[in-house]
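Undergrad: Sequence:
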Amino acid sequence: MVAAGSNFFLDFIYPKSLIVGSRICHQIDSRSFHFGIRKFPLCARCTAMYLSFFMGVIIRIFVTLPLYISVILIVPMLIDGFTQLYTKYESNNTKRVITGALFGYAMSTMIFIFCKI
Numbered sequence: 015m016v017a018a019g020s021n022f023f024l025d026f027i028y029p030k031s032l033i034v035g036s037r038i039c040h041q042i043d044s045r046s047f048h049f050g051i052r053k054f055p056l057c058a059r060c061t062a063m064y065l066s067f068f069m070g071v072i073i074r075i076f077v078t079l080p081l082y083i084s085v086i087l088i089v090p091m092l093i094d095g096f097t098q099l100y101t102k103y104e105s106n107n108t109k110r111v112i113t114g115a116l117f118g119y120a121m122s123t124m125i126f127i128f129c130k131i
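Per my numbering, residue 15 is the first one in the sequence shown, and the count goes up by one each step.
To be clear, the hints were calculated from the coordinates, so they are not data collected in a lab.
Careful, some of the hints might be misleading.
[What the hints assert, rightly or not] With beta-carbon atoms standing in for the labels, derived distance ranges:
| no. | residue 1 | residue 2 | range |
| --- | --- | --- | --- |
| 1 | L81 | E104 | 31 to 37 Å |
| 2 | D25 | I83 | 40 to 46 Å |
| 3 | F47 | I72 | 19 to 25 Å |
| 4 | S105 | M69 | 19 to 25 Å |
| 5 | I112 | F26 | 22 to 28 Å |
Note that the Cβ used here is the ideal one computed from N, Cα and C, for glycine as well.
Please construct the entire structure, taking both the sequences and the accompanying hints into account.
TA: Next comes the structure, spelled out in structure tokens:
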């Protein structure tokens, strides 16, 4: 039974989504999207990466990328991520979304190529 004035999503689902998200993402506050005061369960890069991965699986029905294109799509995230990790450079969420989306789409394509699906 749900108490009066409570919100099932905010009281039950949202905290669980943060726990699940913490298993697959660092969830750094400044690198995450927010809806009001609530942080997304995944950072900007992971959100784009997972969404584009699943979209890539669907798009794969219509379009197939060669392996070399998939490898090229991975490079921007590697450059952005490692530059941020090893220097004082701080990326922004726009770059994180773009590089994450390219990476996620490339991964979906590579899985199909390597699994010969």
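Undergrad: Tell me the hint numbers this structure goes against, listed in increasing order.
TA: 5
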